[in-house]
Structure formats: C-alpha cells, structure tokens
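**Q** Given chain A's structure and the hints, the job is docking chain B onto it.
In order, the protein sequence lines correspond to chains A and B.
According to my numbering, the first sequence is numbered sequentially starting from 8.
According to my numbering, the second sequence is numbered sequentially starting from 3.
Simulated from the structure, these hints should not be mistaken for laboratory data.
Ideal Cβ placement from N, Cα and C applies to all residues, glycine included.
Coverage of chain B stretches by chain A, computed from C-beta distances (three or more under 8 Å per stretch; other residues unrestricted): (1) 172-183; (2) 283-293.
Stretch-level coverage of chain A by chain B, calculated; a stretch enters the list once three of its residues show a Cβ under 8 Å from a Cβ in chain B: (3) 26-38; (4) 138-150; (5) 268-281; (6) 296-306.
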Amino acid sequence: MMNYVIRRILATIPVMAVVALFVFSLLYIAPGDPAAVIAGDQATPADVERIRASLGLDRPFLIRFGEWSWQVLHGDLGTSIFTNLPVAAMIAQRIEPTLSLMAVTLAFAVTVAVPIGVVAAWRADTLIDRAIMAFAVLGFSVPVFVIGYVLAYVFGLQFDWLPVQGYTPFAEGFGPWIENLILPALALGCVYIALIARTTRAAMLEVMQQDYIRTARAKGIGQAGLLFVHALKNAAVPIVTVIGIGMALLIGGAVVTETVFAIPGIGRLTVDAILRRDYPVIQGVVLLFSFVYVVVNLVVDLTYTVLDPRIRY
Amino acid sequence: MNPPPVITATAPEAFSPATAPGVSTVLAPAAAPDLPELLRPVAPGRGLIGWARRHPAIAIGGVLVLAMLLIALFAPFLGTVDPTALSPARRTREPSAAFWFGTDMLGRDIYSRVLYGTRVSLAVGFSVAMLASLAGLAIGLISGFMRRFDGLIMRVMDGLMSIPPILLAVALMALTRGSVGNVITAITIAEIPRVSRLVRSVVLSLREQPFVDAAVAAGTRAPMVILRHILPNTLAPMTVQATYVCASAMIVEAILSFIGAGTPPTIPSWGNIMAEGRALWQVKPHIVFFPAAFLSVTVLAVNLLGDGLRDALDPRMAKRL
Chain A
8 MMNYVIRRIL ATIPVMAVVA LFVFSLLYIA PGDPAAVIAG DQATPADVER
58 IRASLGLDRP FLIRFGEWSW QVLHGDLGTS IFTNLPVAAM IAQRIEPTLS
108 LMAVTLAFAV TVAVPIGVVA AWRADTLIDR AIMAFAVLGF SVPVFVIGYV
158 LAYVFGLQFD WLPVQGYTPF AEGFGPWIEN LILPALALGC VYIALIARTT
208 RAAMLEVMQQ DYIRTARAKG IGQAGLLFVH ALKNAAVPIV TVIGIGMALL
258 IGGAVVTETV FAIPGIGRLT VDAILRRDYP VIQGVVLLFS FVYVVVNLVV
308 DLTYTVLDPR IRY
Chain B
3 MNPPPVITAT APEAFSPATA PGVSTVLAPA AAPDLPELLR PVAPGRGLIG
53 WARRHPAIAI GGVLVLAMLL IALFAPFLGT VDPTALSPAR RTREPSAAFW
103 FGTDMLGRDI YSRVLYGTRV SLAVGFSVAM LASLAGLAIG LISGFMRRFD
153 GLIMRVMDGL MSIPPILLAV ALMALTRGSV GNVITAITIA EIPRVSRLVR
203 SVVLSLREQP FVDAAVAAGT RAPMVILRHI LPNTLAPMTV QATYVCASAM
253 IVEAILSFIG AGTPPTIPSW GNIMAEGRAL WQVKPHIVFF PAAFLSVTVL
303 AVNLLGDGLR DALDPRMAKR L
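Chain A on its own, in the form it takes in the complex (with noise of 0.2 Å):
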C-alpha cells in the first residue's frame, strides 16, 4: 500500500513536468514573435527588445527552461510584465474568491447530483429518470455564462434576493460570504451536477443488477438503505473519478463565472492579463491550476482503495 502511494505520488512528477515545457516552450513556439504580440501594435522596437530580455527569449532555450524550472520549484513564477509584481504574490492576494467558489461549488454540486443520479437510476426509464436525464444534457449544452446571466437575471434583478455581483472575504462573516457565492455556485455547478448525475446513474444501473443487491432485497433492507448503503458504496468508484475529472470543467468555467458575477479572484486575474498579453501572469495562472489538478486527481486515485477495499496495489 505505502509502496504504491510513493509510486503515484513519483508518477505525477513526469506529468507536472510535461506541463511545465508545454507552457514555457509556448513562448518559442508560438507562430510569429511572441514579444511582439505581447507588446502590442503601438510598441517601440525598444519595447519589444525590453519585453524579449524580460521573458528570456534572447537567451538559449534550454538554460532559460533550466532556470526557469529551478525558479518554479521555488515558488517563483515569474515578473508581470504590466506590474512588474511577483506573478506568485498576484496569485496569492486573488486566491480566496476562487478557491471559495470552488468549494462552495463541489459541496453543492455534489449533494445535489448523487442523490438525483441515484433516483434516476432506481427509477430509470420512468419520467422521473428523462426528466432527470433531459436536465443533464441541458447542463451539458447551456455554457456556463449563459446559466450564469439567466440567474443572475432571475433572482438578482427580477426578484432582488441576491447580489448579482462581487465578493466578500470570509473573514467578514459566514452570511455575507456565502451569500455573494450562491449565484455563481449555482451557475458554475451545473454542468458538473450533470457530468456527475450521469455517470452516477450509468454507475448505479451497473451496480442494481448485480446478485448482492438481489440479495440484500431479499433479506428484506428497505430501498432506501439498499440504494444509498449497498449500491452507491459499491458504484462509488467511478462517480469519484468522474468529481475528480471534472474538477478540469470547475476550473476552466470558475474564470467565466468570475467575470460574469465579477468576482476578483483568479479568473478575473487571467482575464486581464489576457487583456494585456501579460504571459507570466497567465503561465503561472495555467500552472498552478494544472497542478490543483493533478494533486486532485492523485487523491481520487489514491481514495479507491478506501472505497472499494478490493482494489489492492
């Protein structure tokens, strides 16, 4: 068991690792000349030269990958460009909003598409299992933004119930904070609630034909103990993979819902730097994503030996 949980942890390694030369080895293989498309059109040929020194892109590729990888494993990511801040103290200061988003958004989205993948899976091909189906292929197709400006529309303006915009530290109070997030939680937790939905019902109707649940009937467990105890245990282990995949969906969706209901968290971080072509910025933002990612995902792999006790390594 220890010995596998090393070998998965080591196994990240040449993950991260292809991650970090896709995003640096961008610079030097995006068509044209990056440094003049981040100085932009109005740029002096002095400008650019100082923005090809500060990116390192008048040095050789490999010793800049070099020193480049050695600042990264320090917790450096890097210059703005615009800012001339530390990328990792940029980081750091909008990391709140988006990480309580994202929190907010797991639990909900979780509670809410387990148990209606499980109901559509007890009775499936009934109304109740289309409806619910119906539900998962609009979270599907509706982007995020758009669910987001609906609801925002609904219940901020229509109704007034709920601010349509910005954020609340924490620190302020459990009311406030969350009620700033419940717009965005909703809207960004969609399609995750139908990604889930469907694999859980997919996982369930596996699970409901096998002989333990006949079983466990006709020993007399009631249904309700008999789907969430008997069945949802042994289905569990594709519905964790799946939360764990789609934590990519979250975070690519948590950058739109944040400009939508602007929030200053990471997303609306990225979307300026996008406005000024400030790549470090960018590069660090895909970084340490990727890596939230992968450590993610690490952890589902590593939960299915507590789920399902069969699996040994």
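**A** Quick look at chain B alone, frame taken from chain A:
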C-alpha cells in the same frame, strides 16, 4: 433490465428443453400463453417519420443543426444588414419590428450580428471536430500499433490533459494574434489528447479481436490491417466523439471570445456580442440574451445529435448513459 437467470442447485436433474433455467416448472406452462402479449410485434414505422420516431434525438438534433447551417450559409439573405455598420443615433434600442433583436451600444443591428455569428460558431465547431479527429486518429493509431512510442505519447497526452482545456486555449491565444484560424488551432490542441486516448483504447481492444488475428495469420500486412480492419471499426466511436468535440469547441470559442481571448472584436461572433453586452447587461439584457439563446440551442442540438448517434451506433451503451 431483467436479472440474469438463476440456476438452482437442482437444475441439472430437472433440466429439460421445456424448462429453461430460471423459469420454475410451476410457472412455465402458465407463462407460455403470455408470450404474445409480452412480445408485441415490432411495427417499424415507414419512411422518414418512422425513422424519426425511432431516433428522436438524431431527428431533433439534426434538424436544428441543419437549420443553423442554413442560417450560416444564407445569413446575407435573411433580412440582415451589414453586421458591422455603426449607427450612433440608435444605440441600445430594445427589440422592435425594425430591429428584431434590438441594437447594441454602437447602434449595430443585433439580429444581423447574431445571424452572422452563426458562421463563426459553426466554422469553429466543425473545423475543430474534423482536425482534432484526424490528429487524434493518427496519434491514437501510432500509440496503439507502434508500442515503442506508446509510453512516451501517452505521458505527453497525460500532461496536456492535466491542463484544463479553457486555460490551455487561453495560454495559446495570449501568444498569438486573435483570428478565427488561431482560435481553431488553440481549441484543436486542447481537444486532441481526449480523442487520441479514445482511439488508442479502441485500437488496443480491436487488436485482440479474432478477425484481426485472422487477418494477420492470413499474411495481411500491418498497413492493410489498419486500413481494412481497424479503421472502419473506429469510425462509429469517432463519429460520436466528434460531435461532442464540436459541441465543446463551440462553447470554448464563445468563452474565449467572451473573456477577450478569442475571435477579434471586428468579427461578429456570439461570444463577442455577449462580451460587448456585458457592461450593460443589467439595463439592456437583450444584447446578451439573443446570442446566448442561439449558442445554447446550437450546442444542445449538437449534443442531442451526439447522444442519438451513440445510442444508434452502439446499443449496448444506450442503456448505460
């Protein structure tokens, strides 16, 4: 779905052609007359209507996609004006008989802009689906057949897949000048790993099939095995995957344009129209509403088409998802 038949311990002695396993001898004679009721004669509908009734998802999705395609093709003839024509005198008009979808803050006709925007969305969706499928097919085949490269290719794909697709596209777009071509390239690169993985897994399972063994035993050379035996069998899952890639590419394009990293603002695309309406959405929601509705309906249509194709091409999967 019925539970699998149970063979009891006494089955071997009791077994006879008349009593199938699982049907107890007491019930068997009674169950027989019920059969005609249980298995009603299948009455397949004739013609297009019958086909559409059997595959409602394909029919609805297909019709909607076709409608969008026609809108994209015939945008200039559908009562539109120049979608980039400015008219400061009539800014932010509400929808009316003259301006069906209203006007934006530069006085441009939103109806025309949305209709022309269909072109960008469909072009990006279809191009990315095609290019990502072709590249994914090539990479998946190499990985599945030239096992020496498999480890390396899959590690690279694992790495690319750990970058959330929208962020990957954002990083690519930040370094290139905004153009539809660059948007297509960026989204294609973000989608390739998933397609490659799918092709590889299909190829690996096909390699174990008896008909492939038979072809190899009969002396068929590897390129011919791939061409005649492997490729045709990857077609069905690839088609389904391509529709999902198309839907996802349309969403990513809209998101990129919405956050200012996509199609240049001079080209009307749904994401751009929404980005322009962003500042005013609380007072003039119609600017955001119409492109949002078109985008959602189009993506929904493509997803329905994909679900329908999946169910039609692989009935075993139909039950599961």
